[in-house]
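Student: Using the hints, position chain B against chain A.
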Amino acid sequence: MFLKRLVNLGSSFKFALQFLGMAILGISAFYHDSAACVIVDGKIVAAAQEERFTRKKHDPGFPVEATKYCLEYAGLNIDELDALVFYDKPLLKFERLLETYYGFAPKGLQSFMMSMPVWLKEKMFLKKLIKEELAKVGEYDKNKLKMLFPEHHLSHAASAYYPSPYEEAAVLTIDGVGEWATASICHGKGKDLTILKELKFPHSLGLLYSAFTYYLGFKVNSGEYKLMGLAPYGNPDGENVKRFKKIILENLVDIKDDGSIWLNQEYFNYATGLRMTQNDKWAKLFGFKVREGETNLEQIHCDLGLAIQQVTEEVVIKMATEAKRLTGSDNLCLAGGVALNCVANGKLQRTGIFNNIFIQPAAGDAGGALGAALAAYHIYYGKERMVSGAMDEMQGSYLGPENSDKEVELMARKYKSTFIKYQNFDELAKELATILADGNVLGWHQGRMEFGPRALGGVVF
Amino acid sequence: MQKKLNLKIKYRESFRPFAPSVLAEDCTKHFEHNTTSPYMLIVADVNKEKRSPLPPNYNELPLMDRLYTKRSDVQAITHLDFSARIQTVHKETNPRYYKLLEEFKAKTGYGMLVNTSFNVRGEPIVCTPEDSYRCFMRTEMDYLVINNFLFSKKEQPALKDKGDWRKEFALD
Chain A
12 MFLKRLVNLG SSFKFALQFL GMAILGISAF YHDSAACVIV DGKIVAAAQE
62 ERFTRKKHDP GFPVEATKYC LEYAGLNIDE LDALVFYDKP LLKFERLLET
112 YYGFAPKGLQ SFMMSMPVWL KEKMFLKKLI KEELAKVGEY DKNKLKMLFP
162 EHHLSHAASA YYPSPYEEAA VLTIDGVGEW ATASICHGKG KDLTILKELK
212 FPHSLGLLYS AFTYYLGFKV NSGEYKLMGL APYGNPDGEN VKRFKKIILE
262 NLVDIKDDGS IWLNQEYFNY ATGLRMTQND KWAKLFGFKV REGETNLEQI
312 HCDLGLAIQQ VTEEVVIKMA TEAKRLTGSD NLCLAGGVAL NCVANGKLQR
362 TGIFNNIFIQ PAAGDAGGAL GAALAAYHIY YGKERMVSGA MDEMQGSYLG
412 PENSDKEVEL MARKYKSTFI KYQNFDELAK ELATILADGN VLGWHQGRME
462 FGPRALGGVV F
Chain B
14 MQKKLNLKIK YRESFRPFAP SVLAEDCTKH FEHNTTSPYM LIVADVNKEK
64 RSPLPPNYNE LPLMDRLYTK RSDVQAITHL DFSARIQTVH KETNPRYYKL
114 LEEFKAKTGY GMLVNTSFNV RGEPIVCTPE DSYRCFMRTE MDYLVINNFL
164 FSKKEQPALK DKGDWRKEFA LD
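Quick mapping for you: the protein sequence lines, in order, are chains A and B.
Number 213 in our numbering belongs to position 202 of the first sequence; there are no gaps in the numbering.
Number 105 in our numbering belongs to position 92 of the second sequence; there are no gaps in the numbering.
Treat the hints loosely; a few may be bogus.
[What the hints assert, rightly or not] Listed next, with one range per pair, are the computed distances between beta-carbon atoms:
1) B:Gly135 - A:Thr205: 38 to 44 Å
2) A:Glu309 - B:Ser65: 24 to 30 Å
3) A:Lys295 - B:Pro66: 37 to 43 Å
4) B:Ser65 - A:Asp265: 37 to 43 Å
5) B:Lys120 - A:Lys153: 55 to 61 Å
6) B:Lys166 - A:Asn435: 19 to 25 Å
7) B:Lys167 - A:Asp437: 20 to 26 Å
8) B:Asn60 - A:Asn435: 32 to 38 Å
9) B:Leu172 - A:Asp265: 53 to 59 Å
[What the hints assert, rightly or not] Listed next, the stretches of chain A that the computed footprint assigns to chain B, with coverage defined by at least 3 CB atoms under 8 Å from CB atoms of chain B:
10) 66-72
11) 403-414
12) 443-449
13) 456-463
Derived by calculation from the structure, the hints in this document are not laboratory data.
Here the structure is a predicted model, which means the values were calculated and not measured.
By construction, the Cβ of each residue, glycine as well, lies at the ideal position given by its N, Cα and C atoms.
Isolated chain A (complex conformation):
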């Protein structure tokens, strides 16, 4: 705690001293799933994804509405913030783009032409852009605002470790790509978080999974969930899955004992092109063409889905084994897009490599906002970390806005809808149990909105 502002109470010349905690705003934006969060004295006060307010799924724009909500909930204005923390480092990402381009020239010209203007205009001038966008949230003093840019994977690692219930833990982050790192192993101890090992672009488990997501006809960055749901339709005893797995391991990816992977770039197109895969080469390998979206799913698609799911699980388990070797810890914290692969998480848990596992629920880029803010608090400002003894510090991930009865009544008036208002929730719960037992489907809208992609209380039956 420190002196935050001095308020002159007018002619009486009395001064009131107001003490506020250290307040940090975390932002992730401009890639996919933008989000904002506010932490005060290291405690997560509010967090929300922009898509919920704008109704645009995976909205990548600056999170104006989410920021407004977080600040309002915390009772803060922008000038009262100690820092605004952005979830990645613009220059590093820019360098990767540049180096990839040179490394693969001249094939990459098309991708470069397409993405370059955006990067140049938006990311290089990120500070300026953020300042301008922030003005849409509210008035503030541009000269006073402090901005910090922790590395992408440090933000992810921080989002997994700091809210975890452990005093000490191994931290594994796996996703598509941040700056150069595509996966990292860290060690968290007290307030310290140290990066021990990193896997570098273009070798990426997240991008490998995304390449298959694309080839099987789903959208990259959002269809990965569908691929995971599809995999169990694959026939585990059939020849296809075994054959596909062999093809993948012999041609596409080399898995080392320490869990690091090497992707054969001859088969991929994401480094230089706008598509994920070299479709003709894949068709030759697997014996069928890229599946167009919304067309019929056949057994062969499911079998390939199961093969890549099994390969992914193998890599995740090897990476975790390496994290165990490097840290010797009993506890593991997971984050990054691949940590949302709950099938792999389940397998990992059953190996018993770690006694305890905590997974950041907002494991994708939205969680980056939270991680960035926590990294700034504990690493940049060097503030101590307290473990409260709760299940974890995410508060069930119910960190979003809550609707008042007044808002519900206004909505009901607008739609001239009919409702019964219960005075007592216990009575309502009994009625709902009867409704559900009769086989009805119920929409459930209660309390604070969840942060992260899972609906932790939505439509139930």
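Tutor: Quick look at chain B alone, frame taken from chain A:
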């Protein structure tokens, strides 16, 4: 139930699985999982004694036949390989949902409900009472509860929609 929910409520692909919310204390009764999973991020198998015997040619059956083969007493949330994506519900973090599960258990013996996100395909999860109500009215959901307000579909006036709302959200 999985078919109804996928096609009539979520308007999404019929192959996609559903996840159970279960009272944290009851988790081991149904699943091979002995720790928490509050964020629906861990998949575990349905307990062996809860599984139904499968036909010998199960893995060779056409996709949809396999999907609709009875696999357990909690069919809608038992995926083809007996796995389930579990959400353990805890009194401390979600008292109302916990209470609902307790009441449901008192009535049916199951402290478990199928849970899916409150949205249609391509739409972000609902945020305001208005989002919820519109989603409720446009799908075949039977009831909606917001805070202590209970809405029954039968009692509602028709929703006046401009244009085809299914084009409002691009498919994901």
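Student: A separate judgement is required for each hint: does it hold in the structure or not?
Tutor: Results of checking the hints against the structure:
The hinted window of 38 to 44 Å between Gly135 of chain B and Thr205 of chain A holds, with their beta carbons roughly 41 Å apart. About 26 Å separates the C-beta atoms of Glu309 of chain A and Ser65 of chain B, a value consistent with the hinted range of 24 to 30 Å. Lys295 of chain A and Pro66 of chain B have their C-beta atoms about 41 Å apart, which keeps the hinted 37 to 43 Å range intact. Between Ser65 of chain B and Asp265 of chain A the Cβ separation comes to about 41 Å, which falls inside the hinted range of 37 to 43 Å.
At roughly 59 Å, the beta carbons of Lys120 of chain B and Lys153 of chain A sit within the given window of 55 to 61 Å. Roughly 24 Å separates the CB atoms of Lys166 of chain B and Asn435 of chain A, a value that falls within the hinted 19 to 25 Å. At about 25 Å, the CB distance of Lys167 of chain B to Asp437 of chain A agrees with the hint of 20 to 26 Å. Distance hint check: the CB atoms of Asn60 of chain B and Asn435 of chain A are about 36 Å apart, consistent with the given range 32 to 38 Å.
Leu172 of chain B and Asp265 of chain A have their C-beta atoms about 55 Å apart, which keeps the hinted 53 to 59 Å range intact. Chain B is given as covering the region 66-72 of chain A, and this holds because 4 residues of the stretch bring a CB closer than 8 Å to a CB of that chain, at least three being needed. By the rule of at least three residues with a Cβ nearer than 8 Å to a Cβ of chain B, the coverage given for the region 403-414 of chain A holds, with 9 such residues. Only residues whose C-beta sits within less than 8 Å of a C-beta in chain B count toward coverage, and the region 443-449 of chain A has 6 of them, enough to reach three; the restraint holds.
Check on the region 456-463 of chain A: 6 of its residues sit with their Cβ under 8 Å from a Cβ of chain B, so the three-residue criterion for coverage holds.
This entry satisfies every hint, going by the numbered hints stated previously.
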